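One letter stands for each residue in the lines below.
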Amino acid sequence: MEQTINIIPIQYYMLLCTLLFVIGVAGVLIKRNALVIFMSIEIMLNSVNLLLVAFSVYHNDPAGQIFVFFVMIVAAAEVAVGLALVVMVYRHTHSIDIDFLNKLKW
Amino acid sequence: MLTKYLFYFFSILAIFASVMVLMSKKPIHSVLYLTLAFLAIAGHFILLNAQFIAIVNVIVYAGAIMVLFLFTVMLLNLNIAIEHQKSNLIKITAVIAAGLLFVTITGATKKLDIVYNHNQVVTQIGMVKNLGKILFSDFRLPFEVSGILFLSAMVGTVMLGKKTGD
Chain A
1 MEQTINIIPI QYYMLLCTLL FVIGVAGVLI KRNALVIFMS IEIMLNSVNL LLVAFSVYHN
61 DPAGQIFVFF VMIVAAAEVA VGLALVVMVY RHTHSIDIDF LNKLKW
Chain B
1 MLTKYLFYFF SILAIFASVM VLMSKKPIHS VLYLTLAFLA IAGHFILLNA QFIAIVNVIV
61 YAGAIMVLFL FTVMLLNLNI AIEHQKSNLI KITAVIAAGL LFVTITGATK KLDIVYNHNQ
121 VVTQIGMVKN LGKILFSDFR LPFEVSGILF LSAMVGTVML GKKTGD
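Protein chains in written order, with the numbering used here: chain A, 1 to 106; chain B, 1 to 166.
Just so you know, these hints were derived from the structure itself, not from any lab.
The structure presented is a predicted model; accordingly, all values stated were derived computationally and were not measured.
Heads up, a few of these hints could be off.
[Unchecked claim] Listed below are the simulated PhoX-like cross-link pairs for lysine-lysine, each with C-alpha atoms no more than 25 Å apart in a straight line:
| # | chain 1 | residue 1 | chain 2 | residue 2 |
| --- | --- | --- | --- | --- |
| 1 | A | Lys103 | B | Lys162 |
| 2 | B | Lys86 | A | Lys103 |
| 3 | A | Lys105 | B | Lys91 |
| 4 | B | Lys26 | B | Lys91 |
| 5 | B | Lys91 | A | Lys103 |
| 6 | A | Lys103 | B | Lys163 |
[Unchecked claim] Derived list of chain A stretches under chain B, where covered just means 3 residues or more per stretch with a C-beta under 8 Å from a C-beta of chain B:
| # | region |
| --- | --- |
| 7 | 19-26 |
| 8 | 32-45 |
| 9 | 52-65 |
| 10 | 76-88 |
Where a beta carbon is used, it is the ideal one built from N, C-alpha and C, also for glycine.
Let the sequences and hints guide you as you build the complete structure.
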């Protein structure tokens, strides 16, 4: 654990985070369940957080980790409001299938 | 050498859990796999010596947010509902689009010539003491504003969750 910086190149972290982000994008595109789409967004947020922390450590700059902290704060607020919206949608349509919510589409 | 193995272990665990979030049929399995993915990412943070972020990740994501998701899944009783799948054409198109995004980002960042001083001592910036000093000196205003953001989120959630027509 002492020399992660010396052993793992930053490119590995970039590859891993890109892969996680792409998985999140695919989830948003594939799924119809609003909850799973929310989870995919959380995966994307987390992959970006990981890359921010990696760059912050490799640059020896703490501002990146502070920024990750604020990203987590905003994510927590977003999830609270988003899940309240999901519950409200479920009350109105008795389903959380997003394909039913197409009134504003056209 | 152990660091390398741990890096590969956490990476494979995170990718596997993220894929399983999408592959699971029941939402509750997705939630549990997502918790696994968050814990793997917290392991990555510890590997990077960012202990404050690792702990906050476990408490906020694997704790609070996952409890919210679990409550919603159980409140809506979604486990018995059969999820309608999108058509295969849309699925294949989505996977191809995501793959193209991956190729684009990797191709764009591959040529980056990032050079670091690889002989530095282990960084201490991720410790609670160090980050706390910076958070309460340089970043006072954003910290207070995030408190207001939480308050407004709470008010909005209560307003949305209230039964209409009361």
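Hint by hint, here is what the structure shows:
no., hint, in the structure
1, A:Lys103 with B:Lys162, "23 Å, holds"
2, B:Lys86 with A:Lys103, "19 Å, holds"
3, A:Lys105 with B:Lys91, "20 Å, holds"
4, B:Lys26 with B:Lys91, "18 Å, holds"
5, B:Lys91 with A:Lys103, "23 Å, holds"
6, A:Lys103 with B:Lys163, "22 Å, holds"
7, 19-26, "holds (count 8)"
8, 32-45, "holds (count 9)"
9, 52-65, "holds (count 11)"
10, 76-88, "holds (count 12)"
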